[in-house]
Amino acid sequence: MIELKSITKIYSNGDISTYALKGISFRIKDGEYVAIMGPSGSGKSTLMHILGCLDTPTSGQYFLDGKDVSSFSEEELADIRKEKIGFVFQAFNLLPRATVIRNVALPLTYAGVPKEKRFTIAEKAVVSAGLDEDHLHYYSNQLSGGQMQRVAIARALVNNPSILLADEPTGNLDTKTGEIVLDTFKRLNNEGRTIVLITHEPDVAMHAKRIIHIKDGGIISDESN
Amino acid sequence: MKAIDLLEETYWALTANKVRTFLTMLGIVIGIGSVIAMIAIGQGTQASIQASIQSAGSNLLYIVPGAQHGIGMQVSSGRGSARTLTQDDAAAIASQVPSVAAVAPQLALREQITAPGTNTNTQVIGTTPDYAGVRSVFLQEGSFLNANQLASRERVAVLGPTAESDLFATGTDPVGKAIKINQVDFRVIGVTVAKGGSGFNNPDDVVYVPLTTAQQYLAGDRYISQISVEAADAASMDAVQAGITNLLLQKHRISNPALADFSVYNQADIVATASTVTSTFTALLASIAGISLLVGGIGIMNMMLTTVTERTREIGLRKAVGAQRKDVIAQFLMEAVAITFSGGALGIVLGWLLTLALTLAAGITTQISLFSILLAFGVSAAIGILFGYYPARRASRLNPIEALRYE
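Heads up: the protein sequence lines correspond to chains F and W, in order.
For the first sequence, numbering that gives the first Met the number 0 gives the first residue as 0, with consecutive numbering after it.
For the second sequence, numbering that gives the first Met the number 0 gives the first residue as 0, with consecutive numbering after it.
One chain only, chain F, in its complex shape (with noise of 0.2 Å):
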């Protein structure tokens, strides 16, 4: 459960103050398929961040599962990403010559899970991603664009978290691939798992059940779909 409590996010450039985010709030319950929308410069990179424990706001608090993570230190925050969190990036973010297996287990290597119980769940999540097992030794740079995502899928789903934060992940792919990995989230969603997806494409958008729109670091919709 996520609940943002008038976040703001001022960037400093010595003089010169940026408002990114101007009073943001919003209560994601578990389970949910949320897009967040907006053009590029409307702040829902910023928003991302925050909800990904990546950045902390200026001002506002952000509790995640009861907890206000808004004035973590950044050890702390990295321990919330570890337990917490499954980033899927638009540019996937695969380790390069790293087999499909290695890439899926690399957060539970920072939890601490010995190495046999490591391969077993990520064997798991990929299944659940929706890749095939005979791609488990595959190099991610043997894999299609597609397929990637598809691991990447897998790596955010490898430490069971919260939320899984999406951003852009259709961007690199074409509209046929795109289809399939939307599908791949609306089962997981089907299946329980929070989702939070951050597009500027209205198409994408329609996939979740809610969507809510920014524009210049302010909420200007937030609806059922």
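Note that these hints are calculated values from the structure, not bench results.
Fair warning: there could be bad hints in the mix.
[What the hints assert, rightly or not] Below, in silico cross-link-like pairs of lysine to aspartate or glutamate (EDC-like), each with a Cα-Cα straight-line distance of 20 Å or less:
(1) Lys325/W - Glu82/F
(2) Lys325/W - Asp64/F
(3) Lys114/F - Glu7/W
(4) Lys325/W - Glu75/F
(5) Lys325/W - Asp54/F
(6) Lys4/F - Glu74/F
(7) Lys1/W - Asp54/F
(8) Lys175/F - Asp202/F
(9) Lys114/F - Asp326/W
(10) Lys325/W - Asp202/F
[As the list claims (entries may be wrong)] On the chain F side, residues computed to face chain W include the following (Cβ under 8 Å):
(11) Leu53
(12) Asp54
(13) Pro201
All residues carry an ideal CB built from backbone N, CA and C; glycine is no exception.
Chain F is fixed; fit chain W onto it per the hints.
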């Protein structure tokens, strides 16, 4: 991250670009290899110099006469030139100074020696039977001078191996043969075992005759040129040195020690001086080799900085999935240390091969010590940490948001 996972990550990272890893490692291999080889040469030289000093005998003190001055005391002929020491002094040292094991007076002369068909010019030492014990002289054939020969001024000679080979053809037994020293007939009674050494001060190019014989037939006077004294043990060296100085000052009626007409040298001092010289030599060689190690270290830092830049997105991803700063530091530091450590191990092998080649090809005495191997390992690990720390720290401080966006 667990240590075993860290090692695995390091292995994957380093084998991903084998050529680059190997070339970077080569800098450390050459650096460590040359440090090991240079120290081995230095220590080998030190050991061989010490062995040659020790071959003159152990716990030795040398007494030489002071400088001889001409009329008006203006021109000095140098230390050892004065005729102030006598066999009487030697006898007094043997009987009056405590902790003296043996005393051997010597009269060194340079004479022309002839055997039938050959001749040589070499050092003739007139001495007493005790000399063999004091100066560690051993016989390969015949016997050394004895007390009867000394008392009756017999014209007998013991040859050093170099003098022997200069005077007699190989295969002939010189014992019993006749030679002439400065036109005087002598009979050869023994040949000594080689001590090793070469050049101007060859301990094997020598002929020993009884002291009394040398004084009567060759020098024509009663003086001697050196007294060798063996102290009972190493601990009593200083006491013996002081005892001899006091005794001789008294015997020669000199009240001011600064005006002594003799000098007493201590073998330990000579060894210490030689050690200082060879240690400086070793340090010089090692520091030249150390420069190549420094260059190797800079190579490591260069590679690590390149790696960090290349893997910026990977670092961002690792941080996004929960890696702490210390995890990232550990990962990159481990890579640097793994390179220098394996480079160090290969360097030790290279250094060993180098010293082996030097010994076999050039005949240089070398000695690889455990110390230099431990030093090499320590230094290579330290270089990895030193030159790997800055790139690792840089990696750990990357902002994950910017790192993930890095193109």
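Here's how the hints hold up against the structure:
Only pairs whose Cα atoms come within 20 Å are accepted, and lysine 325/W paired with glutamate 82/F is accepted, the gap being roughly 18 Å. As the CA atoms of lysine 325/W and aspartate 64/F are separated by approximately 27 Å, the hinted pair breaks the 20 Å bound. For the hint pairing lysine 114/F with glutamate 7/W, the CA-to-CA distance comes to about 11 Å; that is within 20 Å, so the pair holds. Proposed proximity of lysine 325/W and glutamate 75/F is supported: the alpha carbons are some 13 Å apart, at most 20 Å.
Pair hint lysine 325/W plus aspartate 54/F holds up; C-alpha atoms about 19 Å apart against a cutoff of 20 Å. Restraint check for lysine 4/F and glutamate 74/F: the C-alpha separation of about 23 Å exceeds 20 Å, so the hint is violated. For the suggested pair lysine 1/W and aspartate 54/F, the alpha carbons sit about 27 Å apart, so the restraint of at most 20 Å is broken. Between lysine 175/F and aspartate 202/F, the direct Cα distance comes to roughly 13 Å. Compliance with the 20 Å bound is thereby established for this hinted pair.
At roughly 17 Å between alpha-carbon atoms, lysine 114/F and aspartate 326/W fall within 20 Å of each other, so this suggested pair holds. Between lysine 325/W and aspartate 202/F, the direct Cα distance comes to roughly 42 Å. Violation of the 20 Å bound is thereby established for this hinted pair. This hint holds: leucine 53/F has a C-beta 5 Å from the nearest C-beta of chain W, less than the 8 Å allowed. Checking aspartate 54/F against chain W by beta carbon gives a least distance of about 6 Å; that is within 8 Å, so the hint holds.
For proline 201/F, the suggested interface contact is broken, since its CB lies about 24 Å from the closest CB of chain W, more than 8 Å.
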